[in-house]
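Assemble chain L onto chain F, guided by the hints.
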Amino acid sequence: MSSTFALARPRMRKGTGMILPALVLLLAFFVVPVALLLSRSVTEPELGLQNYRELLASGTYAKIFFNTFLVAGLVTLITALLAFPVAWALVIMPRLLAGLLFAIVLLSMWTNLLARTYAWMVLLQQTGLINRTLMQFGLTSEPIPLVNNLTGVTIGMVYIMLPFMVLPIYGVIRKIDPAILQAAALCGATRLQALGRVLLPLAVPGIASGALMVFVMSLGYFVTPALLGGTSNMMLAEMIAQQVQSLVNWGLGGAAAFILLVVTLSLYALQLRLIGEPKGTA
Amino acid sequence: MTAPYLHFQAVRKTYGDVVAADRVDLEVPKGEFMTFLGPSGSGKSTTLYILAGFQEPTSGDIQLGGRSILPVPSHKRNIGMVFQRYTLFPHLSVRENVAFPLRVRRQSQAEITQKVGRALELVRLQEFEERMPAQLSGGQQQRVALARALVYDPPVLLMDEPLSALDKKLREEIQLEIRRIHQETGVTILYVTHDQEEALRLSDRIAVFNAGRIEQVGSGQHLYDQPATRFVADFIGDSAFLSAEIESVQGGQAAMRFPDGTRLGAVPLHGAGAPGQKAELLLRPERIGLSETGSGETAALEVTITDVTFLGSSTDVRAETAWGEGLFVRLPFSDPLSQSVRRGQRLWVSWEANGAHLFAA
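Those protein sequence lines, which keep their order, are chains F and L. Under the working numbering, read the first sequence as residues 1 to 282, first letter to last. Under the working numbering, read the second sequence as residues 1 to 361, first letter to last.
In isolation and in its complexed conformation, chain F is listed as follows (with noise of 0.2 Å):
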């Protein structure tokens, strides 16, 4: 026993060293400037608390945080109702289908980011192909607004956001047990049942880790919002290059962003509290 552990140990130690590059890399480009951002949060203009005070105070500020919250609550709850039937599918098709449909989710992730909010934004617009199509049917006589505004946000968002909730979610249902079903249908359940009181609760683990990951993405989401949106709902990614671009005030800018770094860790630590440790994210 002990001379197994010998043997496991330098092993080990030579493993932890090939972690060092990434470390280092993580640590110069990221844990150093949150620091120093996290500083001039709180000695730009003067020493002091009053970014955060501001944020928290003004009315303007306040608005965005609820419109941020809004955008990403609504988009992981569409995303989740979207995503499930989808993962679904992909555990009960036939192997040569669910591997299209597998392509299909995957390929709008590797499709690129800019290109694809681009696409929604000639979808979307006024004179876009939604829009004609629905006049053309007599579905509405005046073009729907459904770009710069929340509408155009949401879509945008649960589009790009969609892989990141079925994965996890197939991730979970694909390690249950069919004959589980099979019994739920024996003892009586209806398909509806069957979903409501077994399949759905053995899922949770994979809808919550898929529900972080998207909630929290959209919380700090920056070129849909800002191509998509309209300025009346800005989110607080945007408000933060504003602030740092335009306004070059570092102080506010930063105060914000270790806000969203605060929320994000605390959503975080109350996952693995209540779920454990997220499944189905490799």
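In case anyone wonders, no lab produced these hints; they're calculated from the structure. Each residue gets a CB set at the ideal place from its N, CA and C atoms; glycine is no exception. If a hint is listed, it holds; no wrong ones were tucked in.
Listed next, the in silico DSS-like pairs over lysine-lysine satisfying Cα-Cα at most 30 Å (straight line): (1) L:K76 x L:K30; (2) F:K175 x L:K168; (3) L:K76 x L:K115; (4) L:K30 x L:K115; (5) L:K76 x F:K175.
The following residues of chain L were derived to be distant from chain F, with all beta-carbon distances above 10 Å: (6) K30; (7) Q109; (8) E130; (9) A134; (10) L176; (11) Q183; (12) N210; (13) V217; (14) F258; (15) P268; (16) I305; (17) G312; (18) E320; (19) N354.
Just chain L, lined up with the frame of chain F:
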């Protein structure tokens, strides 16, 4: 004449060119413990899955209480089932697992509490009701699954090799439990297994499956004493087969000759056999004896002893015929030869004339 309780009528299931079940005709009376016995791929599980509603037959019908169940979806068939794999709902406690069928039937809490209590008492797991499935042993999980399948009083209980994942000792323990539960509840049981000992231990009757068909149905003793086919003879009980050739046939009996020319008369013949046809003679190791001289009254064959294994209550003796085929003899402890038999000895194997069966090839 009243319709049988559970009636399989010419059930057939094919997957493309593969015939999984064919011409399955079977009547099961209410309260019977019926076992489907056969090797894997013999159609026994397919037949059970059709009854459960997981698969549809290509043709044929299954009637329960005089009505076809095929148009009824699984969740409305009211059938109970214990699966080969552990299928307890992992997120529910033992109590909630057993309560599940009643909850989806929207029964009252009072009813649920009472029925769950009774079902857990039946499988003797009352004190485990708060546990989660992952905290139970395999045997306990299958007993909870049994309680879950019985809690709604199903007209028939299906068991698909429920003990195959358990070790031998535990398996025998739970077999006794299943027998007791069958006696206490009087539920009609269809039990699938590939283990003949398990089938003999549990069943009122056994249906032996082979290559998609039922070869024979009967009590364990009937199948052992009167096997209809060589397959059944081979599958039920221990057996040895010796090559033979049919010399003449008369009224279900045949005269035959071994390869070395030894002749036997009036052996029960199974299957259509004609003079000159090859056949195989079944000898049960516990139905044949050894002696130092071939006695006149019984059929006998001279053999050479090749191996002797002492097993406590019996001694297994392997022997070889003059033409090199093997057989074995199980000598009871009370037989004086069981103490003295040695490898290399030349002895006579003997049996009652009707203790052997001839199967035409």
